[in-house]
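Undergrad: When you get a sec, could you build the whole thing from the sequences and use the hints?
FYI, our numbering numbers position 228 of the sequence shown as 228, with every residue one higher than the one before it.
For the record, the hints were derived by calculation from the structure and aren't laboratory data. Quick caveat: nothing in here was measured; it's all calculated off a predicted structure. Wrong hints could be hidden among the right ones.
Unchecked claim - Label pairs and their calculated CB-CB ranges: (1) Ala298 to Ile198: 23 to 33 Å; (2) Glu287 to Ser86: 39 to 49 Å; (3) Cys263 to Gly166: 42 to 52 Å; (4) Met1 to Val311: 25 to 35 Å.
What the hints assert, rightly or not - DMTMM-like mimics (lysine to aspartate or glutamate), calculated; alpha carbons at most 20 Å apart, straight line: (5) Lys205 to Glu161; (6) Lys84 to Glu302; (7) Lys84 to Asp295; (8) Lys147 to Glu105; (9) Lys280 to Asp295; (10) Lys27 to Glu287; (11) Lys297 to Glu5; (12) Lys297 to Glu309; (13) Lys229 to Asp217; (14) Lys229 to Asp262; (15) Lys91 to Asp285; (16) Lys147 to Glu306; (17) Lys27 to Asp88; (18) Lys229 to Asp177; (19) Lys229 to Asp295.
Glycine included, each C-beta is placed from N, C-alpha and C at the ideal position.
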Amino acid sequence: MNHTETVMRHAADNIRILAVSMVEKAKSGHPGGAMGGADFINVLYSEFLIHDPKNPSWECRDRFFLDPGHMSPMLYAQLALTGKFSLDDLKQFRQWGSPTPGHPEYNVERGIENTSGPLGQGHTYAVGAAIAAKFLAATTGNPSFAKETIYAYISDGGIQEEISQGAGRMAGHLGLDNLIMFYDANDIQLSTKTSVVISEDTAAKYRAWNWHVIEIDGNDCDSIRQALKEAKEEKERPTLIIGHCVMGKGCRRADNSSYERDCGTHGAPLGKEAYINTVKNLGGDPENPFVIYDDVKALYEERTAELCEIV
1 MNHTETVMRH AADNIRILAV SMVEKAKSGH PGGAMGGADF INVLYSEFLI
51 HDPKNPSWEC RDRFFLDPGH MSPMLYAQLA LTGKFSLDDL KQFRQWGSPT
101 PGHPEYNVER GIENTSGPLG QGHTYAVGAA IAAKFLAATT GNPSFAKETI
151 YAYISDGGIQ EEISQGAGRM AGHLGLDNLI MFYDANDIQL STKTSVVISE
201 DTAAKYRAWN WHVIEIDGND CDSIRQALKE AKEEKERPTL IIGHCVMGKG
251 CRRADNSSYE RDCGTHGAPL GKEAYINTVK NLGGDPENPF VIYDDVKALY
301 EERTAELCEI V
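TA: This is the structure in structure tokens:
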């Protein structure tokens, strides 16, 4: 593994440690999905998402919409790496009046594009934003609107909601090539495997709606990177990247056996012993988990400098 990929893996594990630690400290929340999605969100923010670090409300910025709001620890941890949240903010996760509630609330200055709660609504936010960007590009003549990309992060629960079906059909019919959705297909729900409640072919469904569909290992940085590049090159259809992610990636039980791909990591803290083993397994210090590693900090400082040049 070369230096760049080593740092990328370290950054994803940094997000995982922060996410699981937020939930453990709050004694409430959903760690597993956040840990599984860390690789995707890290690649997106460190290499693809275009925004103005000096002006968060820049009209022509790329936008990221989180559909599964219960995966807020992933987003807050990621935004901490970009400087939008402090480590003290993360320590206040799910506390009364804190800036890090259980489900993210709209706050552009902090990098949060949508309030998320009911599953499926993130789809509609993203489709609406993609339509708006197309409209503004056509009516203003501003080429920056034409370059704007709308990213959405969706989950197993979201694709089961009927509101997502209508949004998906509309996006495909309109040929919204500026829309890229990442589907975290981890096959786990709150109390069961998804196979117990759903048997449809999601890839075939989206293809039938005129979407470009890519299937990848959702925890492999290079696969994520190549899928995003392919999606950016698509000029006729929206893209769905189906990322087969590992729920609770890196989790260990109290006996130090694997706790990955288990419903138990979905909607509750891991518990003291499992938490300690998990943080150690990810290379962190259970006594001091709320840190951003030096190489990760350097990665995002470099990205900020690049963005200042781009915009």
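Undergrad: Does each hint fit the structure? Answer for all of them.
TA: Against the structure, the hints:
no.	hint	verdict
1	Ala298 to Ile198: 23 to 33 Å	violated (42 Å)
2	Glu287 to Ser86: 39 to 49 Å	violated (20 Å)
3	Cys263 to Gly166: 42 to 52 Å	violated (29 Å)
4	Met1 to Val311: 25 to 35 Å	holds (31 Å)
5	Lys205 to Glu161	holds (14 Å)
6	Lys84 to Glu302	holds (16 Å)
7	Lys84 to Asp295	holds (18 Å)
8	Lys147 to Glu105	violated (26 Å)
9	Lys280 to Asp295	holds (18 Å)
10	Lys27 to Glu287	holds (16 Å)
11	Lys297 to Glu5	holds (15 Å)
12	Lys297 to Glu309	holds (19 Å)
13	Lys229 to Asp217	holds (15 Å)
14	Lys229 to Asp262	violated (31 Å)
15	Lys91 to Asp285	holds (15 Å)
16	Lys147 to Glu306	holds (17 Å)
17	Lys27 to Asp88	holds (16 Å)
18	Lys229 to Asp177	holds (13 Å)
19	Lys229 to Asp295	violated (25 Å)
Of the hints listed earlier, those the structure fails to meet are numbers 1, 2, 3, 8, 14 and 19, in rising order.
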